[in-house]
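Novice: Okay, here's what each chain looks like letter by letter:
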Amino acid sequence: MGDIRYYAGVDIGSTMTKVVIVSDRIETALIGPTGPEHRKLANKVMEDALSQANLKFEELSYVVATGYGRINVPFADRQITEITCHAKGLHSILPTVKTIIDIGGQDSKGIRIKDGKVINFVMNDKCAAGTGRFLEVVADSLGVALEKLGEVSLHASRATPISSTCTVFAEHEVVNQLANGEPVANLVAGVHESIATRVYSLVRKLQIEKDIAVTGGGAKNIGLVKALGAKFGSPVLVPPEPLITGALGAALLGKEKCEKAILDGYSPTRSKEGLREAKLFL
Amino acid sequence: MTGLANSKGLETAEKYYTQYGARATELKKEGRKVIGYMSALAPVEILTAAGVVPVRLKGFVDEAITKGDAYMESIICPFVRNAFDAAIKGRFSFMDGMVLPHQCDSIDRTNDVWSSYLNLPYWHFLNVPHVTDDPSIEFMKEILRVFIGTLEKFLGTKITDAAIAQAIKAHNENRRLMRGLYDLRKSNPPLISGVEMMKVLVAAMSIPVDESSALIRGITEDVKKRTAPADGNRKRIMIIGDQIDHTAIPESIENTGAWLVADDLSIGGKIYWPEVDETADPLQGIAERYLRKLKIPTTFVGDGNTYEENLEARFGHLKQRIAEFKVDGAILFIYKYCDPYGFEVPAMKSYIESGGTPVLYLEDEYSTSTLARVKTRIEAFLEMIA
Amino acid sequence: MVFVLGIDVGSGYSKAVVCEGGMVKSHAVMPSGGNYKDTARAVSEKALQKMNLSQGDIRYTVATGYGAGTVDFANETVTDISCHGAGIQHIFPAVRTLIDIGSQFSRVIRVNDEGKVKSFIMNEKCAGGSGKFLQIIARILKIGIEEISALSLTATKPVEFTTGCAVFAESEAVSRISEGALPADILAGIHNAMASKIVTLVTRIGLEERCAITGGGAKDMGLARTIGAELSTEVLVADEPQITAALGAALLASERISR
Amino acid sequence: MAEEKKGRAVATQTAARIPKFVRGNLSATLKAKEEEKKVAKAFIADGQDEIMRAMDIVPAWGESFSGVCAAKRDAEKYLQKAESDNFSRSLCTYATCHIGFEMIREEQGGAMPEGAPWGGMGRPDMILGNGQLLCDPRFKWPQALQHYLKDVPVFITNMYYPPWDPNTDHHEQEKFYVKYCTEELRETVKFCEKVTGKKMDWDRLAAVVELSDKTWDLFVDTYDLRKAIPTPMDTGDAMNTMVPLTFNLGTQEAYDFYVELNSELKQKIAGGIGVADPEKYRLIWAAGLPSWFALNDFQYFNSKGAVFPVEVTYRGCEKIERLDLPKTNDPLEHIAWRWVRYWTHWYDAARKRHGSTPKVERIIEYIEDYKCDGAVFHSAFSCRSWHAGIINQADVLRKVYKDIPILIMEGDIVDISSYNEADTHNRIDAFIETLEAYKGKQKK
Ligand SMILES: Nc1ncnc2c1ncn2[C@@H]1O[C@H](COP(=O)(O)OP(=O)(O)O)[C@@H](O)[C@H]1O
Ligand SMILES: Nc1ncnc2c1ncn2[C@@H]1O[C@H](COP(=O)(O)OP(=O)(O)O)[C@@H](O)[C@H]1O
Ligand code: SF4
Ligand code: SF4
Ligand code: SF4
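Residue numbers (the numbering used here), protein chains in the order written: chain A, 21 to 302; chain B, 12 to 397; chain C, 939 to 1197; chain D, 157 to 600.
Hints listed in this document are in silico derivations from the structure and should not be mistaken for laboratory results. Glycine residues also receive a C-beta, built at the ideal position from the N, C-alpha and C atoms. Treat the hints with care, as some may be off.
[Claimed, not checked] Calculated pairs, BS3-like style, for lysine-lysine (alpha carbon to alpha carbon, straight line, at most 30 Å):
| hint | chain 1 | residue 1 | chain 2 | residue 2 |
| --- | --- | --- | --- | --- |
| 1 | B | 304 | D | 350 |
| 2 | B | 26 | C | 1095 |
| 3 | C | 1054 | D | 558 |
| 4 | B | 386 | C | 1135 |
| 5 | D | 555 | B | 78 |
| 6 | B | 360 | A | 251 |
| 7 | B | 246 | A | 225 |
| 8 | D | 335 | B | 164 |
| 9 | B | 337 | A | 137 |
| 10 | C | 1095 | B | 100 |
| 11 | B | 78 | C | 1095 |
| 12 | B | 347 | D | 228 |
| 13 | D | 331 | B | 152 |
| 14 | D | 233 | B | 347 |
| 15 | B | 360 | A | 137 |
| 16 | B | 169 | D | 331 |
| 17 | B | 330 | A | 225 |
| 18 | A | 225 | D | 306 |
| 19 | D | 233 | B | 360 |
| 20 | A | 230 | B | 386 |
[Said to hold, decoys possible] Label pairs and their computed distance ranges (CB to CB):
| hint | chain 1 | residue 1 | chain 2 | residue 2 | range |
| --- | --- | --- | --- | --- | --- |
| 21 | A | 94 | B | 36 | 40 to 46 Å |
| 22 | B | 145 | D | 358 | 18 to 24 Å |
| 23 | D | 416 | A | 174 | 56 to 62 Å |
Whole structure, please, built from the sequences with the hints as guidance.
Specialist: Next up, the structure:
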């Protein structure tokens, strides 16, 4: 084992499970789906990540779980909310950022940070409009791959206005407009516009300060990122791999905690549970 | 709280909390009349003096609204909707009547809805004013007299000034006792948890005042015997809002490694601090307490000369409470569609923050269905102030 | 012989009914898809073909439903609320309260003894209580929409859903499945959630017996039973509840030509 | 009340003069400084109009300003500004729109926000509210506003009237209610005297009150002309013609306006000119403030032959004679009596009909007087005051009166985000078919 210590962060989102292992550097980062049959299999993503990093579970000094499904990860030593983790992770990558917009599968959030610490945050209502779910639904009904949405929208001649605020109805509207001959690109741009509007009015509740960054799955979508930039009246930064900021933050927070414990003369205690299936969701 | 002495009183409180209204049902069987009421503005002294059992209506946070929406718009605050739903479903079948004080639009504008669908033998809408100047005190006394008149007619008995004076004493004593129990939360860690305290507060609003006092006395004695474990690292939280009458939110706070040590809720801090002065005309003291001493956003507090004076008048007590209970962070939990509290948020938030106490503002439903999200936000807040 | 046509272009499904002398001669149903205009033609052709007819044999066409405006060959459009009334009058003349569960909207319609609408009410702005909910769940459970009905009747422990959002109910269903909940119990849970929304609408407008359920959602016996139980009344369901509005449209078409 | 983007065609020419009134009221608040007058942020239907008019205080009507923003479909930026400081979207949008506007102005050091509709509204020197029974924002909005306008003094009056209770006789309580209202009005006068540094001219107040009474009477007489079949004026217009009564009470211009409207309506009746041709259905707008951004919907109704000869909304007055006001020499006491009697004068009727309520009695009276076939309610999500209890009103109306066709539309007054024109028209279409069936059935 040597002197190197390894720390893992597991971010169990509503759609994706992300694992990051760090030492002094990022050892490995892995993303797997949290789809129906994968729900319980957070351990699988962890196993894959370990094997990629050539490590055994026992070699990890500390595991922090975060995300929507953080509650019941038996092999984690600690749970920390995705808000704190995103802030930490993002700060380590883009230290100038003061406002973070996180667009995940079920939530949109705004986070204000100062010196890497959260000073304020907001979260959306329990309605799917304005979340990444909306993008998935639309991608599905337009027959465009999720990863391609951003690119497609860049060819839009205008953003088709979407009047419904409900994801279900909006999907419908999009399909009808498509049939009426509205180009796919414009529709996708319209959807981005609609999400950006929602997110903007949410995040505005924080005293927005630059730089602004977008994380979460939504940040993978260049079209949405642009629409957000236009709304916020300032270009927004995107980390190289926006999906993993939460897991990265979790790993870093674990590391921080352990290192402090060691300085204080404790040796970090690992949870007794081995790597096993997670029972998820409340 | 693990490792702490248990208490028979707390068990009783737990029972009245989980079987809400159980005592009222018993007393009704013994022939007593039960009058339900909403809001901190109902003058319980008068109900006690009338010899009825006053029971404050509550909602049931883990029950979905299934019946009430048919009669009441969803633009009403979710707490009122939930309580009404419970009433329609027969959860308060022990009630012989109800008094609905004018607190806010959500209550005022649903008076007809409540009265027409509950069809109770006794019904009274108590027209509490919003402002607190001298003419308003006189007016408040008038409407209290009207209220007493209708009660007397319904019960067929006289409610004497002497009985009211005695009820005032009893309720003041009850308030002192409850504050005594609150005092036990000042230590670090507190001797009684926020979850336990919530059960006591809820139990207390469902039983006659003398029983409540006895209960609190017993609990206080038991809790005093506890020796707190050394666990001084947790953050101390205060919760502010209208009627939060369930343990779901205290649990969310305390399960994430913080203590809920104080509150400014309409079933807690808001009502147990102000007492009724024992005035020659007992109604004078009652009018003054409900209009001037209760600090709730539905009475217009603050005719100060400057905005700052107004702020002190409205929120000064919060800073005191924060200092006394050594609060590290405040959670402002406001229901959707609540105008009185909603309009207060920016001013209140900045006032508390100006004293160096961080504030989490949550606008939410009255329902456990959104609890997971509320929890995440509370946890993140605790991480933020850690 | 005088044939008339009723077309109901719903947001989810399009329905066509051919009538002659007030009797249903044939009908067809197909998903509306994105292009209402083409679907409207296709579904009416499908119904006509069964009778070896063509559009030219039709004396009068009434279009209804969400996409009625796109039916360029219709002589007239009437709202689907009125068509539902006319349709149910024909099927169950005793019905006074009609619950229509379509894909976007749930509606309750009160009709008089002539099948004319007395009043109506519908859900607003949120897909929470609509038939779309069923489709979403069917997709998660990887079953056909037509399988819901039978499966849900075998439920023993209905799952309680904490969200009213059709989109998030999907993820909630998924997590329940991962916890081992049975598909039948999930469906029953969805039925409970939908029924309570629908019953609220019924109570608001007032229940006058007898009561029937129409629209595609009525094909779901589990849902119909749940609603019936909540209302403590027997609810009637036609053999082909989904075509009620199209039938009503066709009947209104015959009325027009007999004037 | 306002001219909206698409320009609603108004049926009466007099109504076309309304934008001038609204602009006039706004610009008065801007010119007040030069004229050395004080501006008061005030509320409509708050009983304080005459005091302000008699003291030359210029009212700045928040509701009017927000309504104009909504009609111009220009409210979103103000709503968002307020939301950014944690004012919930579920709060009264008149309030949040106006507060958002003031927030922006303060941030800009007092400079008028760019593009403020019709030149915007002047900064108030005082804020007058009323803790009356109408709504919470009537005293919370002033308080919230002071958070941004810290130097502006706030005064809240309290004017109550006896609550409806079928088992008690409200007449027994009237006296102390009137006494209370009078005292509260006196406090308002004191406050205004303090801020303006001028004394109340009581004779002038008496004259203004007399003028208001006359205006009330004339208003009701004029609106009663709409009983004619076909009706010469629709609610779509009334949402404009209410402006002088609601915002300019106690001024000669307001009175003169109704003189003009009165003669125009009489001419129309003489010429048999109706709003809709042919007029097929007569409806009552039974509750709710309109969606200011969608006043065109009234025309949609008209295009289907449906007209609204009467509305509950903004008919904030009654024939003085009917209120049977006790004599008094104190103009404030007169206002108080008028207030208490106005709000309670359907109580007696409601007490006579078992299970009824005053609100429903009022609707029934109008349905009968104006020969209506159906009722339309609008339920705006951000204002509980007028829009909660509508389900109950509709239910009671059906139970104690008749099972007439009823349409409850859901929407908002200012917030356009929940509005969908196609859906709304669909709903109206279906309602029209319902009316058709109802009328057909009645004929038989
Ligand atoms: N490659 C991609 N391109 C565009 N969008 C993506 C991509 N991958 C994921 N997304 C979006 O990100 C969302 C998931 O984001 P994530 O931050 O993982 O959420 P959660 O933590 O809730 O699982 C999806 O709903 C989808 O909209
Ligand atoms: N066999 C079935 N079992 C259960 N539900 C069904 C079935 N067929 C259709 N549905 C439901 O009916 C809805 C469509 O109903 P329909 O009346 O055709 O609506 P619309 O006219 O709005 O398209 C679908 O959303 C689906 O939920
Ligand atoms: S929470 Fe607000 S709206 Fe609800 S009862 Fe309390 S004061 Fe009224
Ligand atoms: S409006 Fe649509 S997306 Fe929002 S909660 Fe309702 S169903 Fe879900
Ligand atoms: S009556 Fe309604 S719209 Fe007017 S101020 Fe009050 S809450 Fe707002």
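Novice: A separate judgement is required for each hint: does it hold in the structure or not?
Specialist: Evaluation of the provided hints:
1. B/304 / D/350: holds, 27 Å
2. B/26 / C/1095: holds, 28 Å
3. C/1054 / D/558: holds, 17 Å
4. B/386 / C/1135: holds, 27 Å
5. D/555 / B/78: Roughly 20 Å between the alpha carbons, so the hint for residue 555 of chain D and residue 78 of chain B holds.
6. B/360 / A/251: holds, 27 Å
7. B/246 / A/225: holds, 25 Å
8. D/335 / B/164: holds, 26 Å
9. B/337 / A/137: holds, 23 Å
10. C/1095 / B/100: holds, 22 Å
11. B/78 / C/1095: holds, 22 Å
12. B/347 / D/228: holds, 28 Å
13. D/331 / B/152: Measuring from Cα to Cα gives roughly 14 Å; hence the hint holds.
14. D/233 / B/347: holds, 21 Å
15. B/360 / A/137: holds, 20 Å
16. B/169 / D/331: holds, 24 Å
17. B/330 / A/225: holds, 24 Å
18. A/225 / D/306: OK: residue 225 of chain A and residue 306 of chain D at ~21 Å, within 30 Å.
19. D/233 / B/360: Satisfied, since the Cα-Cα distance of roughly 23 Å is no more than 30 Å.
20. A/230 / B/386: Status holds; Cα separation ~29 Å.
21. A/94 / B/36: 40 to 46 Å: With Cβ atoms ~44 Å apart, the hint holds.
22. B/145 / D/358: 18 to 24 Å: holds, 22 Å
23. D/416 / A/174: 56 to 62 Å: Check passed, 58 Å falls within 56 to 62 Å.
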